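Chain V is fixed; fit chain W onto it per the hints.
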Amino acid sequence: MAHAIELRGLTRWYGKRRGVLDLDVTVHEGEVFGFLGPNGSGKTTTIRMLMGLIRPSAGTASVWGLDAWRDAPAVHRRLAHLGSDPGYLGEMSASGLLDHLGALRGLPAGAWRSLAERLDLDPGVAVKKLSRGNRQKVGVVQAFMGSEPLLVMDEPSTGLDPLMQREFLALVAEARAAGRTVFLSSHNLTEVERACDRVAIIREGRLVKTATVQALVGDHTRSINLLLERPAPDGTFVLDGVTVLSSTGQDVHLMVRGDVNPLLRRLAELHVRDIAISTPDVEDLFFRYYDGSVAGSEGRSAAAAGAGASAEVLR
Amino acid sequence: MTALTFRLELRRSRVVALWLTVIVLAYGGIIAAMYPILKENSQLLEDYMKILPKELMAAFGMSGTLTDPGVFFSTYIGSFLWPVIAAMGAIILATRPVAADVERGWTDLVLGTPLTRTRSLGAAILAQAIVLALLAVAAAAGVLVVGALVGAEFDAVRFLAASVVFWLFACAIGGVTSFVAALTLSRGVAAGVAAGVLLVMYLMNIVAELQVDLAWLGDIGWSRYLAVTELIDTGAVPWTSVAVFGVVAVAGWVASLVVFRRRDLLP
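Heads up: the protein sequence lines correspond to chains V and W, in order.
When you line the first sequence up against the working numbering, it's residues 1 to 315, in that order.
When you line the second sequence up against the working numbering, it's residues 316 to 582, in that order.
Bound conformation, chain V alone (with noise of 0.2 Å):
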């Protein structure tokens, strides 16, 4: 069975300018797959090359067994596009831009109706007099109209309100759960939190990073604060992955990567007063292979990948 997408050493180079570099990204049928980056980190350069506008300069995008670019007319037969800021005919309505998009996906008249009542999207008003978020509705309820098995999305939550952004969520979950594949890029971290299965990170048209969003938080340091009834005896917190920050008898602060067992037992032996414990989000994981700390490291160190949730504990 062909993967959904697959990109091998995928590169593309604007004359000198970089735009991505030998990307392997494998998405599987049925996931939603987050593809997260900064502006200018390559993302929409990668989705125009899954979509068959450019092509690459080096490697191979293929969607479903297929070349992204010699065979696109057969790839769009299987995908549903959404572009980070879609150029819509301003003069057309809502409803005649979705008709003719539809039609030319093979959709009925009016396949979008349901999904714009749920998204409150009034279809009769021209595009150019949409606000912004209402466009990004427009852009929402074509992507999600038909039934492709696969889903492109570059940036679609962007303008959206809160509400908006949680029906599309509820859309997204929907369409996994109908078995279609949606690759999502974003620079929405708690979006991609929510709704992905698996992140890959790019930063300056490299891959940093790719997990699952569990994997990806659970691999990474924990932050433990704990108020202990009298002080630990000596060598209390000397087990594998476990690090003293400080320690001042009863107010002992800990770093821990990896299996949090051994430290449990170790805490069930001690009277606890209080305890805190906070995981870091993509979010933190995603400003950390920003900042350099873990680029290329696959989060190595575990003590740059504790510091922003460390001293959110300590503040």
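Since the hints were derived computationally from the structure, they do not count as laboratory data.
Some hints here could point you the wrong way.
Stated by the list, open to error - Calculated cross-link-like contacts (lysine to any residue; reagent style SDA-like; alpha-carbon spacing at most 25 Å):
{"hint": "1", "chain 1": "V", "residue 1": "Lys16", "chain 2": "W", "residue 2": "Leu498"}
{"hint": "2", "chain 1": "V", "residue 1": "Lys128", "chain 2": "W", "residue 2": "Ala415"}
{"hint": "3", "chain 1": "W", "residue 1": "Lys369", "chain 2": "W", "residue 2": "Thr390"}
{"hint": "4", "chain 1": "V", "residue 1": "Lys16", "chain 2": "W", "residue 2": "Thr499"}
From a predicted model like this one, the values you see are computed outputs, not experimental measurements.
Only chain W this time, still in chain V's reference frame:
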């Protein structure tokens, strides 16, 4: 899918088509209304024309007598109004699908569907050709209708045959502009290049008419081929014009399809 795109392109062209058609019809009608006055005062006009240098008149397409229907139509419509209208219409329509739509991101949306690049641009080219045909027919129709009302006795078949040459000329501009637009993906650059080339060729023709030793310059410009005087006056079909404009139009469109199919689409 191609039919859908074609219909949308026609719909998007209706404002351009409407305004240019109104201009062409109105101008042609006003000029045709003046024809009986020109005819009544033909001797006076001839005397006046003799004052002007012969070469200068030839340079601006005024050769022969203005009471002659072919000269009349060529002078007022063929050498003046039609090149401007054809250039405006062809440039607006030809730069839209391959340059303006790429710039605004519409191309990303339609090519995100199973629609192929060739079909997408092919449908736009077909719509372009039809709108230009409408304008070309309007260029003759305005003169013919008002001419009939004022008793000008213009030959409708020959005037409409002249509009076929006009149409091919407009298509040639459209073909070349489509090609430049596909190469540059910039509406401004493509429009500038097309308009610049037309202007340079027009000036070359003037120089060719004024300078005998540079007469060859006229052969590489459009002005010499946009000649319908003989067609209207004698019924002789200008096959060279038909061939030149036809070949340039088809070559331009085919080249634009080839380039558009193979190139990166970067807004």
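Here is how each hint holds up against the structure:
For the proposed pair lysine 16/V and leucine 498/W, the alpha carbon gap of about 20 Å is at most 25 Å, so the pair holds. About 16 Å separates the Cα atoms of lysine 128/V and alanine 415/W, which keeps this hinted pair within 25 Å; it holds. Between lysine 369/W and threonine 390/W the CA atoms are separated by roughly 14 Å; this keeps the pair inside 25 Å, and the hint holds. Taking the CA atoms of lysine 16/V and threonine 499/W, the gap is near 19 Å; set against the 25 Å cutoff, the hint holds.
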